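Starting from the known structure of chain B, fit chains A, D, C, W and Z onto it as the hints suggest.
Protein chains: 6
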Amino acid sequence: MIYITRHEHFNAAHRLFSPSLTDEQNLEVYGKCSNPNWHGHNYSLFVTIKGDVNPDTGFLMNLKTLSSIINDLIIEKLDHKNINLEVDFMAGILPSAENIAIQVWNQLESIIAEHGATLHCIKLYETEKNYVEYYGS
Amino acid sequence: MIYITRHEHFNAAHRLFSPSLTDEQNLEVYGKCSNPNWHGHNYSLFVTIKGDVNPDTGFLMNLKTLSSIINDLIIEKLDHKNINLEVDFMAGILPSAENIAIQVWNQLESIIAEHGATLHCIKLYETEKNYVEYYGS
Amino acid sequence: MIYITRHEHFNAAHRLFSPSLTDEQNLEVYGKCSNPNWHGHNYSLFVTIKGDVNPDTGFLMNLKTLSSIINDLIIEKLDHKNINLEVDFMAGILPSAENIAIQVWNQLESIIAEHGATLHCIKLYETEKNYVEYYGS
Amino acid sequence: MIYITRHEHFNAAHRLFSPSLTDEQNLEVYGKCSNPNWHGHNYSLFVTIKGDVNPDTGFLMNLKTLSSIINDLIIEKLDHKNINLEVDFMAGILPSAENIAIQVWNQLESIIAEHGATLHCIKLYETEKNYVEYYGS
Amino acid sequence: MIYITRHEHFNAAHRLFSPSLTDEQNLEVYGKCSNPNWHGHNYSLFVTIKGDVNPDTGFLMNLKTLSSIINDLIIEKLDHKNINLEVDFMAGILPSAENIAIQVWNQLESIIAEHGATLHCIKLYETEKNYVEYYGS
Amino acid sequence: MIYITRHEHFNAAHRLFSPSLTDEQNLEVYGKCSNPNWHGHNYSLFVTIKGDVNPDTGFLMNLKTLSSIINDLIIEKLDHKNINLEVDFMAGILPSAENIAIQVWNQLESIIAEHGATLHCIKLYETEKNYVEYYGS
Chain B
1 MIYITRHEHF NAAHRLFSPS LTDEQNLEVY GKCSNPNWHG HNYSLFVTIK GDVNPDTGFL
61 MNLKTLSSII NDLIIEKLDH KNINLEVDFM AGILPSAENI AIQVWNQLES IIAEHGATLH
121 CIKLYETEKN YVEYYGS
Chain A
1 MIYITRHEHF NAAHRLFSPS LTDEQNLEVY GKCSNPNWHG HNYSLFVTIK GDVNPDTGFL
61 MNLKTLSSII NDLIIEKLDH KNINLEVDFM AGILPSAENI AIQVWNQLES IIAEHGATLH
121 CIKLYETEKN YVEYYGS
Chain D
1 MIYITRHEHF NAAHRLFSPS LTDEQNLEVY GKCSNPNWHG HNYSLFVTIK GDVNPDTGFL
61 MNLKTLSSII NDLIIEKLDH KNINLEVDFM AGILPSAENI AIQVWNQLES IIAEHGATLH
121 CIKLYETEKN YVEYYGS
Chain C
1 MIYITRHEHF NAAHRLFSPS LTDEQNLEVY GKCSNPNWHG HNYSLFVTIK GDVNPDTGFL
61 MNLKTLSSII NDLIIEKLDH KNINLEVDFM AGILPSAENI AIQVWNQLES IIAEHGATLH
121 CIKLYETEKN YVEYYGS
Chain W
1 MIYITRHEHF NAAHRLFSPS LTDEQNLEVY GKCSNPNWHG HNYSLFVTIK GDVNPDTGFL
61 MNLKTLSSII NDLIIEKLDH KNINLEVDFM AGILPSAENI AIQVWNQLES IIAEHGATLH
121 CIKLYETEKN YVEYYGS
Chain Z
1 MIYITRHEHF NAAHRLFSPS LTDEQNLEVY GKCSNPNWHG HNYSLFVTIK GDVNPDTGFL
61 MNLKTLSSII NDLIIEKLDH KNINLEVDFM AGILPSAENI AIQVWNQLES IIAEHGATLH
121 CIKLYETEKN YVEYYGS
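From first to last, the protein sequence lines are chains B, A, D, C, W and Z. Going by our numbering, the final residue of the first sequence carries number 137, and the count climbs one at a time with no gaps. Going by our numbering, the final residue of the second sequence carries number 137, and the count climbs one at a time with no gaps. Going by our numbering, the final residue of the third sequence carries number 137, and the count climbs one at a time with no gaps. Going by our numbering, the final residue of the fourth sequence carries number 137, and the count climbs one at a time with no gaps. Going by our numbering, the final residue of the fifth sequence carries number 137, and the count climbs one at a time with no gaps. Going by our numbering, the final residue of the sixth sequence carries number 137, and the count climbs one at a time with no gaps.
Among the clues, some could well be false.
Identical copies go unnamed one by one, so any copy, or any two together, can satisfy a pair.
Calculated lysine to any residue pairs in the SDA-like style (CA-CA distance at most 20 Å, straight line) [stated by the list, open to error]:
(1) Lys-129 with Ser-68
(2) Lys-77 with Ser-110
(3) Lys-64 with Leu-45
(4) Lys-77 with Ser-67
(5) Lys-123 with Met-61
(6) Lys-129 with His-7
(7) Lys-50 with Ile-111
(8) Lys-123 with Leu-45
(9) Lys-123 with Leu-63
(10) Lys-64 with Asn-35
(11) Lys-32 with Thr-65
(12) Lys-129 with Ser-44
(13) Lys-77 with Asn-35
(14) Lys-64 with Cys-33
(15) Lys-50 with Lys-123
(16) Lys-129 with Asp-72
(17) Lys-123 with Gly-51
(18) Lys-50 with Ser-137
(19) Lys-32 with Lys-77
(20) Lys-77 with Leu-27
FYI, nobody ran anything at the bench for these hints, they're computed from the structure. All of these numbers come straight from a predicted model, not from anything done at the bench.
Isolated chain B (complex conformation) (with noise of 0.2 Å):
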């Protein structure tokens, strides 16, 4: 059992908000973070996933393959985008670092394990002082 990561990046804005909060709450909870203006993060975003080399290619699972899977589900949908109004997988939840992380899980559990693999875990830095990690339920 190997585990390979693959380390992508997006630039996005977002707001934290709970429509069940009132607007004091909002901004009792999310501070600066609840701007109805927007603010917005440089995200590192790291996919981990597991299983046996391939003898014949010495490989798990072939970067480039991961590397597309990633950018095509994932950072095509949130690079240079607003995480509350224009990303399908986030419709509805709110876009904390928590939530993104699990929403990526879901977007690529199945396709990675059509490719022979199993996926481990979803990284997420929102800052270079924050992260949160997700292995699934």
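Just chains A, D, C, W and Z now, kept in the frame of chain B:
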């Protein structure tokens, strides 16, 4: 003559869009950076000042002072803000990295001089792949 | 179950020295790290907690809360301090990176639990070349 | 139980090429990595060991000892070398990052055990965008 | 006058070897870098240009244009290549970091000028510990 | 004319304290950096030299030579030391980053010249947030 540099961060949303261009021209010039729903970045700001070392303190300027100036005049205004809509010193100015760096210089030049040093360079990273530097006109 | 990590820094002096060893043995075991005049490091501390995402907030724990806990209980006590002489939770304990990580865990475990999350890992870099990780006993 | 990690570097040339594949298949699988004139990388190697802290020293293992082991058995053999042609423990093995990590594990596992610790993980960066991790079979 | 810098990467093999020196002299001057079986690096290239900000676009030069120029003229020729054997603009030139930087400058100077900017600096990292800078003769 | 830079590290303890100031003034000027029990840093030192490329070797100066000079004259004296108490070239000098950089310059300037190059810049990081640069008086 010694140079000291302070590194600060801010996270903001922006959109590259010129009102003197048509929508098609904006898309052609700015690509996905012209997204009307905004996108954002973790900006990295390096402020370099120069001058003589004070023989009593061993400092060119106390870094606490320099950091306070940058935070009060720049970071407070940009962090978790929409640069197109909410930053007084960027009003009416296209928020390219070039223009942000020039306006940061304009905000800091005189106050650094009042503290007995000379502003030398504003260096601004928009992503890990791109940065601009401005040394005054 | 999601994991979130907060990254903080502190700069401190220390000396590796065991009172149960002779001076010659200390020098043999700890080399230049046993310098009686001290040396120091920029320590990088990563605190990882785990738990469920609160569906109302999208957060496992508010990062402002987590950062405050770490700063109040750990950083304030270690930053710009002599770890051998001045840090209450290191009294009588040899300040190796291993031991610092274990004591940081001991300081944080119960208060993280009081906030509804579980402490998962303390990761401590002493230099870019070395780090330790502690997951509890 | 504590985990300590040592970070080392080596710069080497290699080529991805499987003798069981035709030239066309090699190009299809490995792309520009199959260049018969070689290419190379600055590899970043992280060796993690685990075990109990020695109460006399405060160490799991002296980092000088760990670093010496890694340098003698791994870095000396790989640094400024051609991995396909010159590295005894890679003879006949396709030098993918996956396979290098597995062979580094095989070189280190028993000697780490002789020093009273347990090898936990070999993590190898080939570029900033890709890394592999191996925890034993 | 503003300066903008684009950061690109390439991974290549090379060997330091002077045909005007004997084998013993080559080993003495270049050490393990003269290995006849090659070694390699992840090179980091920073291209800095300078000029005036276009008031219509807010740009000195569109970064997409700058990136395309660097990729077409430099990265395509160096990435996953043997610098001694396969790179037209390095033919007959000892591939030290100094000489690579000078030749990259020579490839880019006129085309940057055709786009209305001035090439200012080529900065090339061979490893994290060493870099060279060239500002023209 | 080419510029080459070598990056080295040292870990040291220091205290900012001016004997010409009272204790209260020291605390006011230097804050927690005046702690009489010391604190410390992982310093990052960049030494830049300039000159012409030797057409026989492709080098401005052999990096092994440059590294040996820096290690013998600077790193050996500062690493794992108390800068206030143990470093000959800092005796009687307040160990601010500014003053350390100036004294490192003074140690290196003539020996770099003896090797046919010119010292250009000493750049010293005290933390990731602050650095100083000195180019000679």
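A quick look at each hint next to the structure:
1. Only between protomers do Lys-129 and Ser-68 lie at most 20 Å apart by alpha-carbon distance; the minimum there is 13 Å, versus 28 Å within a single protomer.
2. Proximity of Lys-77 to Ser-110 under the C-alpha cut-off of 20 Å is restricted to the intra-copy arrangement: shortest distance 18 Å within a copy versus 38 Å between copies.
3. In this assembly of identical chains, Lys-64 and Leu-45 lie within 20 Å of each other by CA distance solely inside one copy; the values are 16 Å within and 22 Å between copies.
4. Proximity of Lys-77 to Ser-67 under the C-alpha cut-off of 20 Å is restricted to the intra-copy arrangement: shortest distance 14 Å within a copy versus 23 Å between copies.
5. In this homomeric assembly, Lys-123 and Met-61 come within 20 Å of each other (Cα to Cα) both inside a single copy, at 19 Å, and across copies, at 17 Å.
6. For the homomeric pair Lys-129 and His-7, the shortest alpha-carbon distances inside one copy (17 Å) and between copies (5 Å) are both at most 20 Å.
7. Only within a single protomer do Lys-50 and Ile-111 lie at most 20 Å apart by alpha-carbon distance; the minimum there is 13 Å, versus 27 Å between protomers.
8. Both within a single protomer and between protomers do Lys-123 and Leu-45 lie at most 20 Å apart by alpha-carbon distance, with minima of 6 Å and 18 Å respectively.
9. For the identical chains of this complex, Lys-123 and Leu-63 are neighbours both inside a copy (17 Å) and across copies (16 Å), given an alpha-carbon limit of 20 Å.
10. In this homomeric assembly, Lys-64 and Asn-35 come within 20 Å of each other (Cα to Cα) only across copies, at 16 Å, whereas the closest approach inside a single copy is 38 Å.
11. In this assembly of identical chains, Lys-32 and Thr-65 lie within 20 Å of each other by CA distance solely across copies; the values are 15 Å between and 39 Å within a copy.
12. Taking the closest pair of Cα atoms, Lys-129 and Ser-44 come within 20 Å of each other both inside a single copy (12 Å) and across two copies (11 Å).
13. Proximity of Lys-77 to Asn-35 under the C-alpha cut-off of 20 Å is restricted to the inter-copy arrangement: shortest distance 13 Å between copies versus 23 Å within a copy.
14. For the homomeric pair Lys-64 and Cys-33, the shortest alpha-carbon distance between copies (11 Å) is at most 20 Å, but the shortest distance inside one copy (36 Å) is not.
15. When the C-alpha separation of Lys-50 and Lys-123 is checked against a cutoff of 20 Å, the pair qualifies both within a copy, at 14 Å, and between copies, at 13 Å.
16. In this assembly of identical chains, the alpha carbons of Lys-129 and Asp-72 lie at most 20 Å apart only when taken from different copies (17 Å versus 28 Å within one copy).
17. For a Cα distance limit of 20 Å, the shortest separation of Lys-123 from Gly-51 qualifies both inside one copy, at 18 Å, and across copies, at 15 Å.
18. Taking the shortest alpha-carbon separations for Lys-50 and Ser-137, both the intra-copy value of 17 Å and the inter-copy value of 12 Å come in at or below 20 Å.
19. For a Cα distance limit of 20 Å, the shortest separation of Lys-32 from Lys-77 across copies, 12 Å, qualifies, whereas the shortest one inside one copy, 25 Å, does not.
20. Only between protomers do Lys-77 and Leu-27 lie at most 20 Å apart by alpha-carbon distance; the minimum there is 18 Å, versus 28 Å within a single protomer.
This entry satisfies every hint, going by the numbered hints stated previously.
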